[in-house]
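**Student:** These are the residues of each chain, in order.
Protein chains: 2
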Amino acid sequence: MRPGGAGVIDYSIEAFKMTRMNAAPPAVSMPLPLPLSAKARRSPESPINELIAAKLANPDLINFAAGLVDEASLPVDECRTIAARIFADDAQGRKALQYGTTIGLRPLREELLAHLERLEGRKVGELNLSPDDLIVTSGSQQSLYLIADVLLDPGDIVITANPSYFVFTGALKSLGADVRAVPMDEDGMDVEAVEALLAQLKASGKLSRVKFIYCTSYFDNPTGLSLSGPRRPRLVEIVKKYSTSHRILILEDAAYRELRLDGPVHPSIKSFDPENLYTIIAQTFSKPFAPGIKLGYAAMPRDLLEQVLRQKGSHDFGSSNLCQEIALQAMHDGSYARHLEVLRQQYRAKRDATLAALDQQFSNSARNAQHSALFWTHPAGGLYVWLTLPKHADTSREGRLFETCVKYGVLYVPGAYSFHADSAGRIPNHHMRLCYGQVPPADIVPGIERLAEAIKAELSERS
Amino acid sequence: MRPGGAGVIDYSIEAFKMTRMNAAPPAVSMPLPLPLSAKARRSPESPINELIAAKLANPDLINFAAGLVDEASLPVDECRTIAARIFADDAQGRKALQYGTTIGLRPLREELLAHLERLEGRKVGELNLSPDDLIVTSGSQQSLYLIADVLLDPGDIVITANPSYFVFTGALKSLGADVRAVPMDEDGMDVEAVEALLAQLKASGKLSRVKFIYCTSYFDNPTGLSLSGPRRPRLVEIVKKYSTSHRILILEDAAYRELRLDGPVHPSIKSFDPENLYTIIAQTFSKPFAPGIKLGYAAMPRDLLEQVLRQKGSHDFGSSNLCQEIALQAMHDGSYARHLEVLRQQYRAKRDATLAALDQQFSNSARNAQHSALFWTHPAGGLYVWLTLPKHADTSREGRLFETCVKYGVLYVPGAYSFHADSAGRIPNHHMRLCYGQVPPADIVPGIERLAEAIKAELSERS
Chain A
282 MRPGGAGVID YSIEAFKMTR MNAAPPAVSM PLPLPLSAKA RRSPESPINE
332 LIAAKLANPD LINFAAGLVD EASLPVDECR TIAARIFADD AQGRKALQYG
382 TTIGLRPLRE ELLAHLERLE GRKVGELNLS PDDLIVTSGS QQSLYLIADV
432 LLDPGDIVIT ANPSYFVFTG ALKSLGADVR AVPMDEDGMD VEAVEALLAQ
482 LKASGKLSRV KFIYCTSYFD NPTGLSLSGP RRPRLVEIVK KYSTSHRILI
532 LEDAAYRELR LDGPVHPSIK SFDPENLYTI IAQTFSKPFA PGIKLGYAAM
582 PRDLLEQVLR QKGSHDFGSS NLCQEIALQA MHDGSYARHL EVLRQQYRAK
632 RDATLAALDQ QFSNSARNAQ HSALFWTHPA GGLYVWLTLP KHADTSREGR
682 LFETCVKYGV LYVPGAYSFH ADSAGRIPNH HMRLCYGQVP PADIVPGIER
732 LAEAIKAELS ERS
Chain B
282 MRPGGAGVID YSIEAFKMTR MNAAPPAVSM PLPLPLSAKA RRSPESPINE
332 LIAAKLANPD LINFAAGLVD EASLPVDECR TIAARIFADD AQGRKALQYG
382 TTIGLRPLRE ELLAHLERLE GRKVGELNLS PDDLIVTSGS QQSLYLIADV
432 LLDPGDIVIT ANPSYFVFTG ALKSLGADVR AVPMDEDGMD VEAVEALLAQ
482 LKASGKLSRV KFIYCTSYFD NPTGLSLSGP RRPRLVEIVK KYSTSHRILI
532 LEDAAYRELR LDGPVHPSIK SFDPENLYTI IAQTFSKPFA PGIKLGYAAM
582 PRDLLEQVLR QKGSHDFGSS NLCQEIALQA MHDGSYARHL EVLRQQYRAK
632 RDATLAALDQ QFSNSARNAQ HSALFWTHPA GGLYVWLTLP KHADTSREGR
682 LFETCVKYGV LYVPGAYSFH ADSAGRIPNH HMRLCYGQVP PADIVPGIER
732 LAEAIKAELS ERS
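Just so you know, the sequences run in chain order A and B. Each residue of the first sequence is one higher than the last, beginning at 282 in the working numbering. Each residue of the second sequence is one higher than the last, beginning at 282 in the working numbering.
These are calculated hints, taken from the structure and not from any lab test. Glycine is no exception: its CB is placed at the ideal position from the N, C-alpha and C atoms. Misleading hints may appear alongside valid ones.
Which chain A residues stay away from chain B? Per the calculated CB distances, all over 10 Å, these [stated by the list, open to error]: (1) Pro356; (2) Arg375; (3) Thr383; (4) Glu556; (5) Ala571; (6) Pro582; (7) Gly594; (8) Asn602; (9) His613; (10) Ala630; (11) Ala661; (12) Asp675; (13) Arg707.
When the alpha-carbon atoms are kept at most 16 Å apart in a straight line, the in silico EDC-like pairs for lysine to aspartate or glutamate are as follows [stated by the list, open to error]: (14) Lys521(B) to Asp468(B); (15) Lys376(A) to Asp351(B); (16) Lys376(A) to Asp466(B); (17) Lys376(B) to Asp468(A).
Part of the chain A face toward chain B, derived, beta carbon under 8 Å [unchecked claim]: (18) Met311; (19) Leu349; (20) Ser455; (21) Val546; (22) Lys575; (23) Ser600; (24) Ala654.
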């Protein structure tokens, strides 16, 4: 346990911020204001940046906050071999170093389609997909962003689960979306609540503003929970029912899909849209392979892809060709599949250690009655455990518990980041997201101990 | 010379388009419309995609259209060595494969700042720049896009030269910008025309809508011309004069800066803004090193960078960390600088060959009086020669000359793509952009011959 006090490294995020800002020379004069766009004025500062910066600046902090992947298992050997192979051949090396196309390397798109086929256990023909219905992007985040960009005007409605992935929420806010959140439970997003909301929007004449449903269908960020089997076709049925004058789309974020640790294998929501008209599925290389090559991809209706391509043409006209060659080779030579198996073992062990440590600290602590009101999810995959504290706890960034944790050398993501306000503007303030992704195995038990100690100190003081 | 007719490969862009679309299965039913955003509805299809696709699909076509870089001189050896070095060390390899930060790798930003210092011949302190005033992006295109995104609302005014870089024009259109073009001459953008336009906008009460001046200051796309020495400080003076209630910014696109072949070394426009308040400079690794690592960077006022970071956080939260490590090593071990020297020799030879072939075909052809009305630029750097045909010629994509060129196996970019309409909606239709960038040296003379033959056939028929 790391005590606070004098002489201790200042772990606070403010400290890193100060360091960064102080490194720069002072401004010369009071400048005139910048003529910012409405979008810029709507854009919140991303909380994740400061959290990632914190970890990079202080490797000593046990960081359950950043959604980074396991560092020790990153595919260095595989990439060494692949890079050597690409650059061993002059012609191939040159191809990798030249410009590519906006939609992405065709052989890679073919591999990705075959990959989707394997994941679904269905022929792509049954999904009405060809390599030209799939775009390669700079991480799946760019896929999500581009979809939102071609669909949303300020005031348009997006339906999402509560809680949901906060980086995408930031993007939705910047685009001026009216985000309507429905509850979720152990079976994921409450799709009947989606139907009830759509019925209500229809009754109030707002159906024309509904653009898409955003759903993280596998081991989601922040809860680690998945959409249940029966809810998948049902969600497609619901959007079809309410698509009367325009298509209401489903944006399926399947970033964590391949990090399945145990439990059932679900086909995607997309697989229940055999016409390829209502659904987009976004996946990534970041979680199952390596974030450093910064590649994602999305399969979607052809008319939507045409629009997404135009935007990507303006944004960057194509992601790194070299990274795409690496991804292609990794899929082609089997190193992607082999590496994923290694990863799943790592994450399974880390998830188990996290859950066991939480059990150890909280479930068995009958000596601390207030701790008995703690709950947490038991994810069957992905990187996250979602912890629910007693309602009187305050896990917010500004709260004392967060500062206590930082002082003790442990970091979490405040649950409030992931929640959308209810109709009364309320945001729950007593959850935290724990990511075991990049925490070294040996740090998991001491990390949860530090966390428990901080929670104990905070809850005792308040009780 | 390649004759048209039966048995000849169909070089037309329509043919490639058809191939791509036909590969996909047919749509099952007539779908409901997509609920597109206003931005998507404003977004034109990018012409460059089809041109790049054409080249990739048909290596046999002599392609003066695509702005690709010289293929033979891509730094395969350098990247082989660098990749091997990165992945030889486990810790370093893992770092490259992990997530980075939204702003970009700090050591790379430090190198880039030192690089700017060398290019300007001035200390970065004199420019009020620190590594935190510089962001790494997915090509310089993403820098340009993000700047536009945080500044422009529909109807906002951007001032640019006529002609100017058409991919960025597409982005400006998608953002709903009111693009006002001023003429350019051998000394680049006519900055006094910028002042006259600002005075006029001020008189008509529209100055508050003016967000920035876009200026490609070195060997621009499409003309190959540069902004003259005296016009650089003058442009800064002008925006300062008209910045009364908000800052009017200068977005300096310096993508081709380092591909200087001869002629004077100009300091950037940015160097005349020692407070770092009014100017952004965007540069790239694509032209001076390799497009395949897809990296660019931009230095800008700190308050603007804060806004750009928020948007990049939504778009992709950081460009490929692996590519950034490669770029860092290339700058660090000197391979960037060495490679640039090789490139400049290559491009110098290709520019000279292009100009000599044009001379050969057109200047000396007193036998064809109509050809004497052809002019072309003599660029001191970059990748482009801008050809002006007689006014009655039609170089448009839909015109007969374009089809004749495709039939003869040579491709150019129609000048009309790069022009903004004048107040009467007119767009000049008798220019073409020739890029010698990726044309193999041996193809330059036959390529210009094919082009001359097509022009001769077309002009003869019309005369």
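**Student:** Hints first: check each against the structure and report whether it holds.
**Tutor:** We went through each hint and held it up to the structure:
Interface exclusion of Pro356(A) from chain B breaks down, the closest Cβ pair being 7 Å apart, not more than 10 Å. Once the 10 Å rule is applied to beta carbons, Arg375(A) is inconsistent with being away from chain B; the minimum gap is 4 Å. With 10 Å as the threshold on Cβ separation, the claim that Thr383(A) sits away from chain B is violated: the shortest Cβ distance comes to roughly 5 Å. Its beta-carbon lying about 5 Å from the closest one in chain B, Glu556(A) breaks the requirement of being farther than 10 Å from that chain.
The Cβ of Ala571(A) sits about 4 Å from the closest Cβ of chain B, inside the 10 Å cut-off, so the non-interface label is violated. Under the 10 Å C-beta cut-off, the non-interface status given to Pro582(A) relative to chain B is violated; the minimum distance is some 7 Å. For Gly594(A), the shortest C-beta to C-beta distance to chain B comes to about 4 Å, within the 10 Å cut-off, and the non-interface label is violated. Residue-level check failed: Asn602(A) sits 4 Å from the nearest beta carbon of chain B, not beyond 10 Å.
Every Cβ of chain B is farther than 10 Å from the Cβ of His613(A); the closest lies at roughly 18 Å, confirming the non-interface assignment. Distance check on Ala630(A): its Cβ is at least 18 Å (rounded) from any Cβ of chain B, clearing the 10 Å threshold; non-interface status holds. With a least CB separation of 24 Å from chain B, Ala661(A) remains clear of the 10 Å interface cut-off, as annotated. Chain B leaves Asp675(A) outside its interface by the beta-carbon criterion, the shortest separation being 26 Å against a cut-off of 10 Å.
Every Cβ of chain B is farther than 10 Å from the Cβ of Arg707(A); the closest lies at roughly 25 Å, confirming the non-interface assignment. Between Lys521(B) and Asp468(B), the direct Cα distance comes to roughly 21 Å. Violation of the 16 Å bound is thereby established for this hinted pair. The straight-line distance between the Cα atoms of Lys376(A) and Asp351(B) is roughly 11 Å, inside the 16 Å bound, and the hint therefore holds. A distance of roughly 37 Å separates the Cα atoms of Lys376(A) and Asp466(B); the hinted pair therefore is violated under the 16 Å criterion.
For the hint pairing Lys376(B) with Asp468(A), the CA-to-CA distance comes to about 36 Å; that exceeds 16 Å, so the pair is violated. Checking Met311(A) against chain B: minimum C-beta separation of about 10 Å lies over 8 Å; hint violated. A cut of 8 Å between beta carbons decides the hint on Leu349(A): the least distance to chain B is about 5 Å, and the hint holds. Residue-level restraint check for Ser455(A) holds (minimum Cβ-Cβ distance to chain B is 5 Å; threshold 8 Å).
Using the Cβ-Cβ criterion of 8 Å, the hint placing Val546(A) at the interface with chain B is not satisfied: the shortest such distance is roughly 26 Å. Hint status for Lys575(A) relative to chain B: holds, with the closest Cβ pair at about 4 Å, below 8 Å. Nearest Cβ of chain B to the Cβ of Ser600(A): about 6 Å, under the 8 Å cut. The hint holds. The restraint placing Ala654(A) at the interface with chain B is violated, with a minimum CB-CB distance near 34 Å, outside the 8 Å limit.
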